[in-house]
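Enquirer: Sequence:
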Amino acid sequence: MGPLTVQQKLEILADAAKYDASCASSGAKRSGNSKGVGHSDGTGICHSYTPDGRCISLLKLLLTNYCTYDCVFCVNRVSSDIRRARFTPDEVVRLTLDFYKRNYIEGLFLSSGIIQSPDYTMEQFVTVAKTLRTVHYFGGYIHIKAIPGCDRRLIDEAGLYADRLSANIELPTQQDLVQLAPEKKSDVIETTMTQIRLGKEQADDNRRHFAHAPAFAPAGQSTQMVIGATPSTDREIIARSNRLYTDHKLRRVYYTGFSPYPEADTRLPLKASPMLREHRLYQADWLMRHYGFAAEEITTEDAPDLDLASDPKLGWAKRHPEFFPVDVNSAPREVLLRIPGLGYRNVDRVLSIRRYHRLTSDDLRKLHVRWKDAEQYVVAEDHLPLEVSVSETGDTLTPLAQNAPSSARQMTLFEDVARSAMWGSL
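Take 0 as the starting number for the sequence shown in numbering that gives the first Met the number 0 and just add one per residue.
Simulated from the structure, these hints should not be mistaken for lab results. One or more of the hints may lead you astray.
Claimed, not checked - Below, a list of computed lysine-lysine pairs in the DSSO-like style, where the Cα atoms sit at most 30 Å apart:
#, residue 1, residue 2
1, K17, K248
2, K248, K184
3, K317, K371
4, K129, K199
5, K17, K199
6, K199, K183
7, K100, K17
8, K183, K270
9, K129, K17
10, K100, K129
11, K184, K17
12, K17, K270
13, K183, K17
14, K183, K129
15, K248, K129
With the hints as extra help, turn the sequences into a complete structure.
Expert: Below is the structure:
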């Protein structure tokens with residue numbers, strides 16, 4: 000059998016890259032026409048997000064799916080009987096430029112199996128990124144994997160050319176690594192994360208003092224964790240993610256549900272991890288990063304796994320009835336963020352709007368608050384939540400403030416004008 004063509008390598012190595020969750024494959028297929036430029040057959044194209052929130056298309060592939068490691072959960076492990084391929088750095092550069100010039104992509108996402116050594120593999124990555132930046136003056140987005148255990152010098156050089164670096168933590172705990180990836184060590188992986196953090200902190204400090212100092216991985220660093228391949232609980236996963244965010248200033252932790260593959264090791268589960276579990280972990284992750292929740296608040300020791308039937312914020316609210324109801328017209332931001340159905344952007348809108356008039360339930364609905372989740376937990380100008388009173392005959396609903404005296408409110412001639420200014424309703 001003759002050597003593989005670049006197209007054949009692309010098919011193999013783009014498919015092998017789908018297991019990396021740092022960006023999601025789009026699978027888009029677009030055909031060009033006489034009026035436009037660009038054509039996509041979907042091979043290796045994925046979507047990711049820049050720090051300013053733009054969604055961009057990336058060429059996502061592995062440099063090679065050869066690997067010297069034998070991680071049990073990885074389809075590319077050395078003992079796996081799969082079709083192998085390898086790009087040269089020049090081939091990756093040419094592919095990236097060809098895709099970019101044809102308007103298929105806006106950047107490159109490059110990962111790899113470990114070939115020869117961590118240093119050698121990382122040198123290949125640096126060669127690709129450096130050639131794109133310094134020889135071809137490529138201005139697109141570049142995300143490359145930082146190989147744990149490689150020389151610090153290579154991390155420092157990679158950060159000068161890549162927009163984002165990521166060292167994969169792989170599994171939730173060190174014990175999980177001992178069982179399924181004994182050649183990898185948590186402390187080695189976290190040492191690489193620390194090197195990236197220190198490099199970025201130093202570069203950011205230099206740029207505060209010198210206008211033309213080079214940036215270092217301006218989009219920060221991320222990592223990926225495989226879930227469902229081991230018995231680790233969601234509580235352990237969330238705690239590990241929280242520590243990674245705190246210690247290494249990560250931008251994102253990506254969660255990948257384990258998927259069984261043919262001829263897999265008997266130590267692995269036979270069923271795939273539920274997609275809904277992955278979704279709940281992302282929601283929990285979001286609560287830590289944007290809503291001020293502590294890791295230990297999201298689950299309990301008695302129930303260490305997230306409830307797949309409801310989102311974790313609603314679960315916390317149900318466990319803490321003493322915290323509610325919350326008055327949306329007076330509560331501070333950190334309290335509003337705890338209300339189910341109220342997102343952090345809507346919290347900021349509520350804070351802005353209530354400077355002009357008191358919010359009603361209709362106002363919250365117009366903000367597209369998930370009212371079915373929020374209504375039992377909020378007090379608005381025209382709304383009091385209902386209290387569920389359990390009796391022998393069943394549940395009965397009564398207003399929380401049924402026995403409270405009604406409070407008078409001064410009417411204003413300008414209320415309708417304020418409502419008109421905010422909503423355009425008059």
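Enquirer: For K100 and K17, compute the direct alpha-carbon distance and say whether it is at most 30 Å.
Expert: 24 Å, holds
Enquirer: Is it true that the CA of K129 sits at most 30 Å from the CA of K17?
Expert: 25 Å, holds
Enquirer: Hey, K183 versus K129, does the alpha-carbon distance stay inside 30 Å?
Expert: Given that 30 Å is the threshold and the Cα spacing comes to 28 Å, the pair holds.
Enquirer: Given the hint that K248 pairs with K184, does the C-alpha gap stay at or below 30 Å?
Expert: Holds: K248 and K184 sit about 20 Å apart, inside 30 Å.
Enquirer: Take the C-alpha atoms of K17 and K270, compute the straight-line distance between them, and say whether it is at most 30 Å.
Expert: 19 Å, holds
Enquirer: Is the hinted pair K317 and K371 satisfied, with a Cα-Cα distance of at most 30 Å?
Expert: 14 Å, holds
Enquirer: Given the hinted pair K129 and K199, is their Cα-Cα distance within 30 Å?
Expert: 18 Å, holds
Enquirer: Does K129 lie within 30 Å of K100 when you go C-alpha to C-alpha?
Expert: Roughly 19 Å between the alpha carbons, so the hint for K100 and K129 holds.
Enquirer: Given the hint that K17 pairs with K248, test it: the Cα-Cα distance must not exceed 30 Å.
Expert: 26 Å, holds
Enquirer: Holds or violated: K183 with K270, Cα cutoff 30 Å?
Expert: Holds: K183 and K270 sit about 25 Å apart, inside 30 Å.
Enquirer: Tell me if the straight-line CA distance from K183 to K17 falls inside 30 Å.
Expert: 21 Å, holds
Enquirer: Please work out if K184 and K17 have their alpha carbons no farther apart than 30 Å.
Expert: 24 Å, holds
Of the numbered hints stated above, none is contradicted by the structure.
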